[in-house]
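Undergrad: Going down the list, the sequences are from chains A and B.
Quick note: the first sequence, position 129, residue 129 per my numbering, numbers continuous.
Quick note: the second sequence, position 100, residue 100 per my numbering, numbers continuous.
Errors might be hidden in some of the hints.
In this list, chains with the same sequence are indistinguishable; a pair is considered to hold if it fits within one copy or across any two.
[What the hints assert, rightly or not] Only pairs whose alpha carbons sit at most 27 Å apart, straight line, appear in this in silico DSSO-like list of lysine-lysine:
hint, residue 1, residue 2
1, 132, 70
2, 70, 51
3, 52, 70
4, 138, 52
5, 23, 52
6, 138, 171
7, 100, 138
Everything labelled a hint here was simulated from the structure, so no lab data went into it.
Residue-level listing of the chains:
2 protein chains.
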Amino acid sequence: MAFPNIITDLINYFERLPGVGSKTAQRLVFYMLNFPDRELEEFGSLVGALKKRTQLCSTCKNISEEETCKICSDTSRNHRQILVVTSPLDVVALERTDYKGVYHVLHGLIDPLSYIGPDDIYLASLVERLEKLVFEVKNDPDSFVEVVLATNAGMEGESTAHYIRDLIREKGFDESVVRITRIGRGLPVGGDIEYADDNTLSRALDSRR
Amino acid sequence: MAFPNIITDLINYFERLPGVGSKTAQRLVFYMLNFPDRELEEFGSLVGALKKRTQLCSTCKNISEEETCKICSDTSRNHRQILVVTSPLDVVALERTDYKGVYHVLHGLIDPLSYIGPDDIYLASLVERLEKLVFEVKNDPDSFVEVVLATNAGMEGESTAHYIRDLIREKGFDESVVRITRIGRGLPVGGDIEYADDNTLSRALDSRR
């Protein structure tokens, strides 16, 4: 069955989105035919302008409309506590907590099997940030910088976290000045021991206190 | 957490699509940031032009780029056999069979609870089509027109089918000239009796032959 070309083309774009198969893409596009014309135009112009109207924050590499994102411009936050995350969506999730430090968004994880090396994610800019912060902190003996590694627990997340730890140590920052921590692992709040997977249980035991 | 405005606006549009919740909408929009700029522009312009570049076929009301759709322009098909369906997606599914008649797309079902009456779906145009066809067939005693009702088996589908049957009968077309049939119901091919629902089983028994 030949759809009108514009519908076929749109279905092809929707199919490229994660979790959208060909049936879903068809349903979405046909559903959009019910939108008023004016709204379709607005929807379309937002899609077209998405990348032109956003950029990566020059400091933390989060998606931002300005050169410096809202979080990095917020002087009430602790700019010496940097939470390193994989993607901007992690920032969204963590912003629902009462975390008051800042972020560094890697935009990916080191994954040699997919040809993603350390230079393909925002690591160099993290080291640059640390160098600047260490310079600021230098004259204040009580100050320190904390890097909280919050990559996911999968293989790529773990090896990226190790790589970052080694990289920072190699740069020769004093361990008492640049402190590296890892986000806590254990049973989720409300999680039953009975239903937890083995990895989570081992981690929960390891991080007992 | 405040996203850049354009991202919030896009997420709102995606959330209005069927089956897309707020988490999915976020994931889709952030994923789109990986598209090259040129492709986002094309995607956006397709969305914006979707309704301007499509229309309803003047005959069968299916979505079409031309005034008359490809199926209605196809002279090799039987234009005296009209399969009445609810939506353009039904046409897509039925075109995968070897059906060689034409269609009539209602764009909805009569549903008083949602304030959708007979005038809100494309019924008047169906009657007009029948009037024209009956006029054509008049001089040929062996010819007839077949209307195959293929609305879904739910309450609205059944009552719409009944309504159409009554409407056609009320118009006084000769029963041997305008023949009304209903799409067959029964066990799906490959379906086990054990797992079929009660309605399907009753229908399968009723339509035994």
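Undergrad: Compare the structure with each hint and give your call.
TA: Hints, verified against the model:
1. In this homomeric assembly, residue 132 and residue 70 come within 27 Å of each other (Cα to Cα) only inside a single copy, at 20 Å, whereas the closest approach across copies is 65 Å.
2. For the homomeric pair residue 70 and residue 51, the shortest alpha-carbon distance inside one copy (18 Å) is at most 27 Å, but the shortest distance between copies (37 Å) is not.
3. Proximity of residue 52 and residue 70 under a CA criterion of 27 Å is satisfied intra-copy only: 18 Å inside one chain copy versus 38 Å between copies.
4. Taking identical chains as interchangeable, the C-alpha atoms of residue 138 and residue 52 are never at most 27 Å apart, the minima being 39 Å within one chain and 63 Å between chains.
5. When the C-alpha separation of residue 23 and residue 52 is checked against a cutoff of 27 Å, the pair qualifies only between copies, where the shortest distance is 23 Å, while the shortest distance within a copy is 31 Å.
6. Taking CA atoms no more than 27 Å apart as the test, residue 138 paired with residue 171 passes inside one copy only; the shortest distance there is 16 Å, against 92 Å between copies.
7. Proximity of residue 100 and residue 138 under a CA criterion of 27 Å is satisfied intra-copy only: 23 Å inside one chain copy versus 82 Å between copies.
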